[in-house]
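Chains as they are written, first to last, in our numbering: chain A, 883 to 1166; chain B, 320 to 515.
Source of the hints: derived by calculation from the structure; they are not laboratory data.
Check the hints yourself; a few may be wrong.
Said to hold, decoys possible - The calculated DSSO-like cross-link candidates involving lysine-lysine, where the alpha carbons are at most 30 angstroms apart (straight line), are:
#1 A/K976 / A/K1057
#2 A/K1143 / B/K491
#3 A/K1146 / A/K1135
#4 B/K478 / A/K1146
#5 A/K1057 / B/K495
#6 B/K481 / B/K499
#7 B/K471 / A/K1064
#8 A/K1042 / A/K1061
#9 A/K976 / A/K1064
#10 B/K495 / A/K1061
#11 B/K406 / A/K1146
#12 A/K1057 / A/K1143
#13 A/K1139 / B/K406
#14 B/K478 / A/K1061
#15 B/K481 / A/K921
#16 A/K964 / B/K406
#17 A/K1042 / A/K964
#18 A/K918 / A/K1061
#19 A/K1135 / A/K1161
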Amino acid sequence: MTLYPVLYHSNMSEFNTPTQRIIAAATLISQGAEAKVYKAELHPPAISGSTSDEGYESEPVLIKHRFNKQYRHPTLDASLTKSRVAGEARAINKCLRAGVNVPGVRMVDLQEGVLGIQWIDGQSIRFLLGGGAEGEEEVEEVDDDGFEEDATESNEDSLKEYNITQDDTMQLIGKEIAKMHKADIIHGDLTTSNMMLRRPSASDQVPELVLIDFGLSYTSSLVEDKAVDLYVLERAFASTHPASESLFGTVMKAYEKEAGKEWKTIGRRLDDVRLRGRKRSMIG
Amino acid sequence: MQSYDYPHFPDYASNFHFALFTNVSNAADLRNRLVQASTMQGEEGEAERQAVDFAFIEATLICSSLHLRSAILNSVLSQSQGTLRTKTVHSEILWNLNPTNNISDAIRRYGVSPSTTSLIVVRIGPPSPPSTIQAQMQEVVSGTLSPISELKNITDWAKVRKYHKIGQKMDKDPIKDTQKAHEIVLSTVAMKSVVV
Ligand SMILES: Nc1ncnc2c1ncn2[C@@H]1O[C@H](COP(=O)(O)OP(=O)(O)O)[C@@H](O)[C@H]1O
Ligand SMILES: [Mg+2]
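I would like the entire structure built from these sequences, with the hints used as guidance.
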């Protein structure tokens, strides 16, 4: 049994629902404009019987809480939140079924605007490429529960620690995105923060590239949507990882290989999208 | 038998227990008993309903403890929000395990049937001594109480994949293939409240 400080206990009555209590006991990881993200415990180990009936006993979850927006009408806000949580869960399920590496769903509470997903033990590509923290959004990790991770950790050797070269990492990225597009899923926010490398379980294994954050994703078979998805990533590489042209080139080569004959039209459209982007920036 | 205490669950449902029984010999009788208990009148009916106040689950369709616990989590969430789709928190577990939105399908597939030989029994409620609960379970089920780790030899993956429409091979490596199928099952249960 964990003993909580008295203050914590006296506040506990505020947390009326199971979901609110899960969040109250969780650790805040990041706060965006739409959601707060926490690391939480959903399924505590058994108190009697075999306490390690499988390997998931200690698996934490990532909780994404889409909080109320004061500036939105309450009814509109509630229904928008519900559809976004549901949409993200649907996209994840679709990806899993298409064999795309994504964290699985662990809980959904539409009323509270909460999505719980499988915790990925690893690091974002942004961090691993030395892109630094994600601006002001990042919150200092409070190390109150024995969970590792230090946001300010040096990342010079981090890819080495993951047993993978930069080039191979880029190839994993291109392949995973192509698999996702083949299933007609558009991510909607492809950045190096929204992809992670999962720490390999054994020293001889290759880490897995995992796509995360399907909050803006949608289903589409349109070449245009896939090309724009790639363009967004290209821009993200350019702004977060300067001198990264060759990196993105490797991503695209792997994408091309996985996409097969689809590539011709998508690649051509990507050129169009780039041109439009350049024109726009010349005018604007 | 496994016992759990979830601090985030409401007091009336903060604990749950489940046990795996193999070589079950009274599945047909048990099923009849459940049907009768639901309509029995008076004090006798109350006592009978209390005696069988469990979820009885076809164990061959359960992939892991986490699979079962995901369905239990959903059921307690719905109970606490007053949004149960079925009569009790126990029948709600069957609802949550079934990927389609049909209550009688859920009971037919995931509940106890005359052909059941491996059974998982679940009780959700306020804290109570595991030994008492286990005795109550053994009172109603004739079978061998087995460790939950036995589940890995019991799961009928062909049937699980059929119900969850996981047709194609997910990976060349058979172990990874099963892991990926398992992940789809877990996610499907966890997002039961989302209309796919
Ligand atoms: N499944 C996960 N496991 C571990 N960390 C995660 C997971 N999902 C997200 N994160 C971390 O939390 C951050 C925010 O999550 P994300 O889903 O991208 O939310 P947001 O919409 O706020 O960007 C990510 O950049 C990543 O560092
Ligand atoms: Mg993000």
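Given the hinted pair A/K1057 and A/K1143, is their alpha-carbon gap at most 30 angstroms?
Measuring from Cα to Cα gives roughly 14 angstroms; hence the hint holds.
Hint consistency between B/K406 and A/K1146 [alpha-carbon to alpha-carbon, up to 30 angstroms]
56 angstroms, violated
Taking 30 angstroms as the top limit, are the C-alpha atoms of A/K1135 and A/K1161 close enough?
Since the Cα atoms of A/K1135 and A/K1161 sit roughly 26 angstroms apart, the hinted pair holds (cutoff 30 angstroms).
Below or equal to 30 angstroms on CA atoms is what counts here, so check B/K481 against A/K921.
34 angstroms, violated
Does the structure keep B/K471 and A/K1064 at a Cα separation of 30 angstroms or less?
Outside the cut-off at roughly 33 angstroms; violated.
Hint check: A/K1042 vs A/K1061, CA-CA at most 30 angstroms. Holds or violated?
Holds, at about 26 angstroms.
Starting from A/K1146, check that the Cα of A/K1135 is at most 30 angstroms away, please.
12 angstroms, holds
Holds or violated: A/K1042 and A/K964, Cα atoms, limit 30 angstroms.
The given pair, whose Cα atoms are some 41 angstroms apart, is violated under the 30 angstroms limit.
Given the proposed pairing of A/K1057 with B/K495, does the C-alpha separation stay at or below 30 angstroms?
Given pair A/K1057, B/K495 holds - Cα atoms ~18 angstroms apart, limit 30 angstroms.
Decide if the proposed pair is consistent with the structure: B/K478 and A/K1061, CA atoms, cutoff 30 angstroms inclusive.
Between B/K478 and A/K1061 the Cα gap is close to 27 angstroms, so the pair holds against 30 angstroms.
Taking only the CA atoms, is the gap from A/K1139 to B/K406 under or equal to 30 angstroms?
Not satisfied, since the Cα-Cα distance of roughly 53 angstroms exceeds 30 angstroms.
Would you mind confirming whether the straight-line C-alpha gap from B/K478 to A/K1146 stays at or under 30 angstroms?
40 angstroms, violated
Going through the hint list in order, the structure does not satisfy hints 4, 7, 11, 13, 15 and 17.
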